[in-house]
Every structure is written in structure tokens, then in C-alpha cells.
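If you read the protein sequences in the order shown, they are chains A and B.
As numbered in our numbering, residues 1 to 518 make up the first sequence, in order.
As numbered in our numbering, residues 519 to 927 make up the second sequence, in order.
Among the clues, some could well be false.
Stretch by stretch, here's where chain B covers chain A in the computed footprint (C-beta under 8 Å, at least three residues) [what the hints assert, rightly or not]:
{"no.": "1", "region": "457 to 466"}
{"no.": "2", "region": "493 to 504"}
The calculated EDC-like cross-link candidates involving lysine to aspartate or glutamate, where the alpha carbons are at most 16 Å apart (straight line), are [as the list claims (entries may be wrong)]:
{"no.": "3", "chain 1": "B", "residue 1": "Lys614", "chain 2": "B", "residue 2": "Asp554"}
{"no.": "4", "chain 1": "A", "residue 1": "Lys127", "chain 2": "A", "residue 2": "Asp202"}
{"no.": "5", "chain 1": "A", "residue 1": "Lys456", "chain 2": "B", "residue 2": "Asp878"}
{"no.": "6", "chain 1": "A", "residue 1": "Lys368", "chain 2": "B", "residue 2": "Asp878"}
Only some residues are given here: those of chain A computed to face chain B with a beta carbon under 8 Å [claimed, not checked]:
{"no.": "7", "residue": "Ile94"}
{"no.": "8", "residue": "Ala201"}
{"no.": "9", "residue": "Ile203"}
{"no.": "10", "residue": "Gly205"}
{"no.": "11", "residue": "Lys210"}
{"no.": "12", "residue": "Glu330"}
{"no.": "13", "residue": "Gly361"}
{"no.": "14", "residue": "Tyr363"}
By construction, these hints were calculated from the structure, which means they are not laboratory data.
From the three backbone atoms N, C-alpha and C, an ideal C-beta is built for every residue, glycine too.
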Amino acid sequence: MFSSITTGAVFGIESFLMQVETDITDGLPSFSMVGFLSGEVKEAGERVRVALRNAGAAVPNVRITVNFSPADIQKRGMVVDLPVAVGILAAMDILPQHSLRGILFAGELGLNGEVKPVRGVLPIVRKAAGSGITTCVLPFANAGEGAVIPNVKVVGIRSLRQVIRYLLEPEEGRDRLIEPSHVDIDALFRDAGRDSRFDFADIHGQDSAKRALEVAAAGFHNTLLIGPPGSGKSMLAKRMAGIMPPFTPEESMEVSSIYSVAGLLPPGQALLTQRPLLSPHHSITRTALAGGGVVPTPGVITLADRGVLFLDELPEFGRENLNLLRQPLEEREIRISRISGTFVYPARCLVLAAMNPCPCGYYPDPQKCRCTQAEIDRYQSRISGPILDRIDLCAETPRVNADALLRGREEEHSAAVRERVMKARGMQEERFRGTNFRYNSEMDAAAVEKYCPLGKEAARLMRDVFEKLQLSARAYHRTLKTARTIADLEGTDRITEDDLAEAFGYRVNEHSLRKAGA
Amino acid sequence: MDIYACWLSQVRGLGKATILALREEWMTRTGREGRDFAEDIRKMSESELRELCACTFGKDAGGGEEAETAAGRISAADEKDGKSGKVYAMLMSARKEKEGEAAALAEAADVRFLSFDDPEFPDRLRSIPRPPYGLYVRGRVPDSSRPTCAVIGARMASAYGREQARAFGKALADAGIPTVSGMARGVDGIAQRAATEAGGCSYAVLGCGADICYPQENADLYIGLLRHGGILSEYPPGTKAEARLFPDRNRIISGLSDTVLVIEARERSGTLITVDAALEQGREIAAVPGRVSDALSCGCNRLIRQGAAIATCPDDVIEMLLGVHRRSQGEDRTYTRGELAAADLQEPERTLYEITGEKDFCDTQYLLDRFEEKRGHALRGADILRFMTMLTVKGLVGEAGTGIYSRIL
């Protein structure tokens, strides 16, 4: 007897559908699995055989051949237990063939027949929905994840027995047996982004750094915070996601897919509703940062997609690690080439970096800083120019004195800031309709030319500052992009002198320390 | 506005030297302050006025009155003892005019009149030979306590001259030095335009009424000067520009300045009239050198040969000005370059600049906190960078690190 089952798998973060063909014939008893499988995938055979027996469907001594199609994609690091088990049951004629039509199976099996969660359910179900599949039978723990995809019935099951009972039921009665999973997406997003644990209002003072983050959030600009230890850089960074606009369902779906593939969706949560904020320690390896491995898995820059990648103590990350970020920050995706193919992961994260001005952290306070100029230079030079080039905003987080902490002034809440940010985002959406850009930070030189016209006064200021501060052409574009965002926050079409002056205040001042020391 | 002084300055046929001579005499006779002089002339009895005129011009009439005005020429042609009678007659007929009419006309043209005795009248002008009796002003007048530079040059300037006018005008403005010139075509206008565009103060002295924009093509500059400085004229509103009025105007330009900078001038040039006046007034001269074969640089090069300072860059002029100013004002009233440039600052930049003087390095938090203490209201986080960038561009503060500022001394 022969059967064919649909299942899905992920390759990189792309998902594809796979047919599991099972054939049972008389002959020397054997269990062979073919179709470009790696060792760990073949182990499914043993698990399935035991699980089936424990579920009450012992496999007779026959010759079983399982083929995975398409055969040209290498199957690595994927779990195919449930589809194989169902395939065998169908081939054994325990399950009627017609009962499997239009159904996709995914899940791992325990030896006792329990169905365990697998990775990548979200992208698989998404793919299935577009390929004529009407029902997805998934591990109970993954059901919520699958249920966010519309137009597909998602059934969450806990054991192999349950699957069998479900499939034996005539179609009309199935919903009564196991109620399809349902997720109210609107409700998910309604409460999204209200993380009261991290509010801007918790931070006293730091007005200019807060403003810098507001600009960064509005235009999605990479930002560097410089300040002495204990001035609140990490505190500010933790609150960054809270002032960014909440996820739109589409964005959430994209990012959640990545998390689904990585198996990092929090248990019981169908979709990410908060923008991710990842703060890797500076001892992170290159692979963990950029993604990779024999079976390429997404790195933190991909996991921070459409969110914030917070690099605290930037110079400690080391040149190698930082240089790894160059290409992804530019192209907003990362390509990982392996012999089995090239994997493209998105990397549209906002990099928020923080560092001390010098090794001891107190430069240029002559009373406290004990660093020599050479030490400071060495510290600074760990950040290569090309990385600084990709940072649009640079802001200082000064030490806050006791007065500011004690004054207890009412500070602005994240929600109010977010409101302004969203208005600015609205202006960008309007502006970039029909183009490839979404945010001001993504504009190329031609777009800057087109969307950032300067008035007479602003142009004059631009010229003056360039003469005085001897800026590069790249700095010119970066400043204009930042100024564009500031103007958006003000709600004006034209970039004024004031906007430009503020934008200059955020420029990355590469040589400042050296100059001051000279 | 002193309506009587305004009236007196416009009495037909009466020149400024005549008026100032009468004032001198009146002050010694009455022992009163000069500021009541004009009113008294209008109100004193006829006999008193006749006596004053006789005493002033009786024996020694006509001193310094040569060819002042059309009326002056006539009076010079008259017999000497006729002078006092003439002046008396002119004053008497003018006293029949309505009180305050001249002042009202000026006011209607948005022009203020500052008499010689007005506290606002520029100090520098009081001490020049043949000072004007008063000035008609739109906008402000130059602050006599600040080093001021006249920038003058050819009307038909070469490309080189234009470029230098622009560079010097802007650099002087950036350094916080007010410029004075004639708003003429060529060098004058270009330098002044550069100065106002850089946000500096600039003052134009016109050879026509202060309410008239001459030349017409500098209308934008005229408006810019109203905002960034002032328009000054010795002549009542409505006076048409006439060639014969210009030499006197030049004398005021140099009189208002510590140093006169000549950008480009021909061998025989109107610009040199200003230079002569400046020398007569004891002002320093600086000239921008040019190629020896250029006709337009001949005047400048000759000035240099005769001992004028060589202005090869704006810094030359600025240093020289500060030196001149220190000499004229005494050591305690001197400026450092930073203070000089800071003098033009508006709030809140002015306060922020003051705060930067409090310690070596100021971070934004310190600036924000101190600003609130000093001014009683807080600056927004968004604004602080904006203002500090402006101060940086003006060369008043430098950035020691990101967001850390220190004053440039």
C-alpha cells in the first residue's frame, strides 16, 4: 500500500512544503528513509516505530520505504515524526486515504506517543495556506502560532492516539471532537506595546538623550550613546522599544516567523506583539551575532529584525565582531553561504550602541579621568570608521546630579513620546508611498536629494557648518536624513534651520577627542 | 525724538556747522546743557535770538561754513557781517512753521531723528571734524563701545573684489564685529549682504533720505539691514540721492568706525575720499592688496605703499581692530574675540554661552540644569543641541566630546 502526506519544513527561514510518501510491501522487514536526509532526520524512524506501538498500532514486519520529496533539498535538523507516523498508518490502511486530503501534519513524537512542539510552524502554516491546504494538524503547543494565519483550520493535538481518532471521524464531526484553535489577533495587538515595566518617565533628566532616542525611533536611525558609567545608557536602551510604534500585524508576522524558525517564540504566545530588543553580551561569538552554523540559524541581528539591537559597551565587542555588522547594516539583510545553499536572513534592526568616552569612563572631566591620550585613542579606535559611518545619531548621556534626581519633576511618559513618533512615521509612510523606502534612515543619496530640500536659511547654515566643522560628504547625507526626521517630528514638510542645527548636534564626532587632547 | 532738534536740522538754508556754532555760543551764554538748545531756539524771544546770532556770527561769521549747502554758498558770497542777519531771518521764517511738523513727517516715514545731544547719538561722531548736527535713523545705530569696521570699495568691482568683499564681510560678522558701509553697488553692498546673511550687524550710511533705498537693486539688503543693523542718513526723509551729498556721507562712514577696510579702489576713486576723511578723523586704514597690474587694485596698493595696513585675511583686520579699540577705550573696556562675537547673541544662546564660562567642560545636563536655574524655565531636550550647534558654528564653543562643550577663549 502507498500513501502520501503533506508536511512542511524550513530552509533558512524560507519554508517549503514536503510530501512524505510511504510504501509498505511484503518482503524482508526493513525501515528505510530516503530523500537527501541527514542522520538526525533518519532517527525519526525508530521513534515512530515505538510511538506507533505505544499508541496501539504496532507496525507489522513488513518492508517500509519512506521518501521525502522534493529530494534535491537536503533535510537537516528537521523533525518529521508525525507525518511519517501518519504516512505509515495510512499505508497500513488503518487511516483511509481520503481522510487525509488537504491536511498538513507537523510534530515530534515521544516514545509514548505524545506529540511535542516543533520549530518553524508559523512560516510552514503560512506557506500551506497559500498552497491549497485547508487543515493543519499541529502539536498542541504550536497551535496558537499556526492559528494566526487566516483561512486555515488549525487543530492542536496532544498525542498520536488523538490524531488517529480525529482522522477516523467523518469530516463533519471532527470540529466537535477537537475544536479548531482560534486566536484573536486584534485583541493581541490591542494590548500590545503597553509594557509598563519600562517607561521613559522612570528616567530623570537626560532630556537630550531622550530626544535623540525619539528621533532615532521616528526615523529608524542607528544610534550611539556616549556617557560615563551609571548615567543611564542601559536604562534608556531598555525603554527604546516602548517608544517605537507598535508592530503592525504584517511586521509581527514576519518577525514572529523568524522566532518560530529559531524556536524562540515564548511559550503560549502566538505572535510577538512587542518589538524585540536584544542585548547580547560583548563576549558573543561571530556566529551567534550574525547567524550561521552547519544548519544556519538566525543570529541576534536577525532576531532583532524590526526591533532594537542594543550593543552595550560597544568597543568591547571587538573589531571583528563589529565589522561583521557592516554589510548587514547596509543591506538590511545578511547572506550566509553554505554548501547546501545561500541563506538570506533579514537584518532590519535598529542598532543602539552605548559606550564610555574612555576606558575609565569619565573623560573629559579632568578631575576624574585618569586615562592617557593614548589609552583613549586605543579605546576609540576599536570602533572602525565604517561602523561609525553607519551610525546616524550620536548622543551624550551626561551624569545626572542629585538635584535632578531629587527634584522629582514629572517626566514625560513613553506613550506621549510614542505618539509623536507615530505621527512622524505617518509622514514617512505618506512620503515613501510607492518607493522601496520605509524610513528616513533608508534613503539613498538620490532620495535625500529629492526629499530633503533645504530653504535658503537652512542651506546657508549647512554651508557654514561644513566649513567650520569640515564634515565629509557622507556626514552631509546623514545629517540631512536626521534633519528630515526632526522635521517630521515637528510635522513640517520643509527642513528648517532649527531642524538642521539640531541634526548637526547629533553628528558622530570622530575626531573630537583627539582634537581636544591636542 | 526731539521734535525741535528735528525742526532745526531742517531749517532751509541752515547748515550743520551754523547750527553747531549757534549751539556752542548758546551753551556758553546760558550755561545750559545742549539738549535744550533746539527748543530754546524755537521759543526764545526775537531779541534774544537776534543777539545770539549776532554774537555767534557778528565778528567772526562764516567760519567753517564754506560751500556747505546751496544756501551756504550764497551766504559766503554775502558780506561777512550779513551772515548773522541771514541766519536770524532763516530761523525766524522757520519758526512760523507748525511745531513738530518735520518730526511728524519723519515719523510717518518710520525714521527717527537723533540730534547731536541725543544720548543715542554715536559717540564717535561727536569728536570728528565737522560732525553732523543729527542723524536720521531706521533701525539701530552702531554701539560706540564695540569695535566697528567700515568696509568700502569700488562700485564696479572685479570678481576678485567681490569675492574678497564677501569673505571679509562674513568673517567680520562671524567675529561679532559690526560693519559700516554705504550700501552702494559693488563692494559696499556685497560686504554688507554677506555680513547680514551671516547674522552679523551692519549699518549703512546713505547719501539720500534714510527712507529711500538707493540703489534700488539693493532692496533686499535694505530690508536685511533694517533687521540686522540700521540705515543712517544725515538728510531728512525724502531727500533724493545726489552726487554732491556723497562725500559728506563718506565722512560719516569713516567716523562711525575704528578702522576703514578698503577692498578695491581705482587710482582716482570715490573710495579714497572716505580714506581721506578717515585719516583726518584719525582712523586706521587697512587695504586688501591686489595685483600690481590691476587697475582696480591700484588705489589699494598705493594706500599700502603709503602706510596702510595690509589685509591679507580677515584675521589681520580683526586683530588690528581689537588693538585699535583697546587703545581708544582703555584696557578695562576691551573685548576678547569670544566676548566680541557673543555680544550679538540672543536669548537663550546668550545664557547658554554664559554658562559655558562656568567650567571647563559642560555636558548637556549641566547646561539644561543651569539654564533652568538662571532663567527660571526649562529648555527642551530638543532645543539644547540646536542652540549649542549654533554656538559651535559661530566659533564660540567647541565640542570636546559628543555633547560636551567648552568655551573657546
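Next on the checklist: Tell me the numbers of any earlier hints that the structure contravenes, in ascending order.
Outcome noted: When the structure is compared with the hints, numbers 3, 4, 5, 7, 8, 9, 12 and 13 turn out to be violated.
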